[in-house]
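Following the hints, complete the assembly by docking chain B onto the known chain A.
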Amino acid sequence: MPVAKTIKGIGNRVINAVWRIGMATRFFFLTLLYSGSSFRRFHLIIKELFSTGVMSLIIIIVAGLFVGMVLGLQGYETLKRYGSESALGVMVALGLVRELGPVVAALLFASRAGSAMTAEIGLMKATEQISAMEMMAVNPIARIIAPRFWAGVISMPLLAALFSAVGIFGGYFVGVVQIGVDEGSFWSQMQAAVDFREDILNGVIKSLVFGVAVTVIALYEGYDAPPTAEGVSGATTRTVVTSSLVILMLDFVLTAMMFGGK
Amino acid sequence: MERSTIDFWVGIFVVGGIAALVMLAMKVGNLGTYNVADTYQVHAYFSNIGGLKPKASIKSAGVLVGRVTEITLDTTRYEAKVVMNLDKRYQFPKDTFANILTSGLLGEQYIGLMPGGDDQMLTNGEQLKKTQSAMVLEDLIGKFLYSKAEEPTKQGK
Numbered sequence: 001m002p003v004a005k006t007i008k009g010i011g012n013r014v015i016n017a018v019w020r021i022g023m024a025t026r027f028f029f030l031t032l033l034y035s036g037s038s039f040r041r042f043h044l045i046i047k048e049l050f051s052t053g054v055m056s057l058i059i060i061i062v063a064g065l066f067v068g069m070v071l072g073l074q075g076y077e078t079l080k081r082y083g084s085e086s087a088l089g090v091m092v093a094l095g096l097v098r099e100l101g102p103v104v105a106a107l108l109f110a111s112r113a114g115s116a117m118t119a120e121i122g123l124m125k126a127t128e129q130i131s132a133m134e135m136m137a138v139n140p141i142a143r144i145i146a147p148r149f150w151a152g153v154i155s156m157p158l159l160a161a162l163f164s165a166v167g168i169f170g171g172y173f174v175g176v177v178q179i180g181v182d183e184g185s186f187w188s189q190m191q192a193a194v195d196f197r198e199d200i201l202n203g204v205i206k207s208l209v210f211g212v213a214v215t216v217i218a219l220y221e222g223y224d225a226p227p228t229a230e231g232v233s234g235a236t237t238r239t240v241v242t243s244s245l246v247i248l249m250l251d252f253v254l255t256a257m258m259f260g261g262k
Numbered sequence: 263m264e265r266s267t268i269d270f271w272v273g274i275f276v277v278g279g280i281a282a283l284v285m286l287a288m289k290v291g292n293l294g295t296y297n298v299a300d301t302y303q304v305h306a307y308f309s310n311i312g313g314l315k316p317k318a319s320i321k322s323a324g325v326l327v328g329r330v331t332e333i334t335l336d337t338t339r340y341e342a343k344v345v346m347n348l349d350k351r352y353q354f355p356k357d358t359f360a361n362i363l364t365s366g367l368l369g370e371q372y373i374g375l376m377p378g379g380d381d382q383m384l385t386n387g388e389q390l391k392k393t394q395s396a397m398v399l400e401d402l403i404g405k406f407l408y409s410k411a412e413e414p415t416k417q418g419k
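Just so you know, the sequences run in chain order A and B. Here the first sequence is numbered in the working numbering, starting from 1 and rising by one per residue. Here the second sequence is numbered in the working numbering, starting from 263 and rising by one per residue.
By construction, these hints were calculated from the structure, which means they are not laboratory data. Here the structure is a predicted model, which is why all the values come from computation and not from measurement. Among the hints, a few may not be true.
Unchecked claim - Listed next, the in silico SDA-like pairs over lysine to any residue satisfying Cα-Cα at most 20 Å (straight line):
#1 B:K289 - A:W187
#2 B:K315 - A:A193
#3 B:K317 - A:Q189
#4 B:K315 - A:Q189
#5 B:K289 - A:Q189
If we strip away everything but chain A, and leave its shape as in the complex, we get (with noise of 0.2 Å):
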């Protein structure tokens, strides 16, 4: 009966997907229950903090300034047919404020942290330093989990901040020093267009969220990876695939939520 099977098969896969996603959500509620001791031994969560923050400046610098520029350049090219270069300062900011600061951010703390983190634990997981931990009677979520998780979620909406801000140094680069588009419309156009509380503030709201998305992904599947060198590897490589898929879902729904309708 090849289409008993077929069905079978399906049902498999969505009631595992359904019991995983169950399980994450279980996972992220205890997380959020053990962590007030991570927050007593602070610098549990600077450590994290330096390993996924710090560690994560330099892609986001740069990339940060290469899409900034890009930005400029490409956003110059459409708005000259229009004879309105000097929208191009509210282009860039907007186009980073809303969107790509956040999700690229995101998407490269994903890649960068969040992959780090998912082998680091499997691995510990491979070579029971969890199950050592739970023999005396250390809590690894608390000892392990919830420092990282906060220290992702602090410093994802601060990378995304520093992405925006150098992006937008990028596309002024571009645009004001190469190009020659007049200082003075760049910065009034950006600075009358931009919003604070409508533009910034749902940037870092945005970028908050996928903090939290991605740090619990990447920390279940972290803890949930089979403790084999095989194990390890697909998790790390799932970790990446689906937080990269839930961000940019995430991002439609916010921005359906903060900026449609309007």
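Coordinates of chain B only, in the frame set by chain A:
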């Protein structure tokens, strides 16, 4: 790595991130550009506001003097009521004229104030009596066609 080195770099990271946010708010956004602390409120009725939106700028002689805060439809007179906050530093005569203008060909709409000659100045909560509505393209075309139709045809009989 030593703990103090880690602390140092994390400190730089956090301070840098917050500095980027502040820079976005001040230099890129409009938080630093217009101080809304010292304002007084006036309102005006327009028969058509066109594409005017809340937070649109109010200019006099091209200088930003305030912002539109609220636009509602007054159902007693079926006209748009536009509430605006003006900067306390700028006082306008009572018979100031409020126009809805467009910046550039495709630009945003804003309110332009033309000061009149009255001795009395506008105070908080007062109304700008003289207004001119937004230009609506369809109305203009309609008027143009109407006036063309009025003209006697050249051929005659």
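Decide if the proposed pair is consistent with the structure: K315 of chain B and Q189 of chain A, CA atoms, cutoff 20 Å inclusive. Given that 20 Å is the threshold and the Cα spacing comes to 17 Å, the pair holds.
Does the alpha-carbon distance linking K289 of chain B and Q189 of chain A stay inside the 20 Å limit? 11 Å, holds
Holds or violated: are the alpha carbons of K289 of chain B and W187 of chain A at most 20 Å from each other? Roughly 8 Å separates the two Cα atoms, so the pair holds.
Decide if the proposed pair is consistent with the structure: K317 of chain B and Q189 of chain A, CA atoms, cutoff 20 Å inclusive. 15 Å, holds
Would you check the hint for K315 of chain B and A193 of chain A, treating anything up to 20 Å between C-alpha atoms as holding? 13 Å, holds
The structure is consistent with each of the numbered hints, conforming to all of them.
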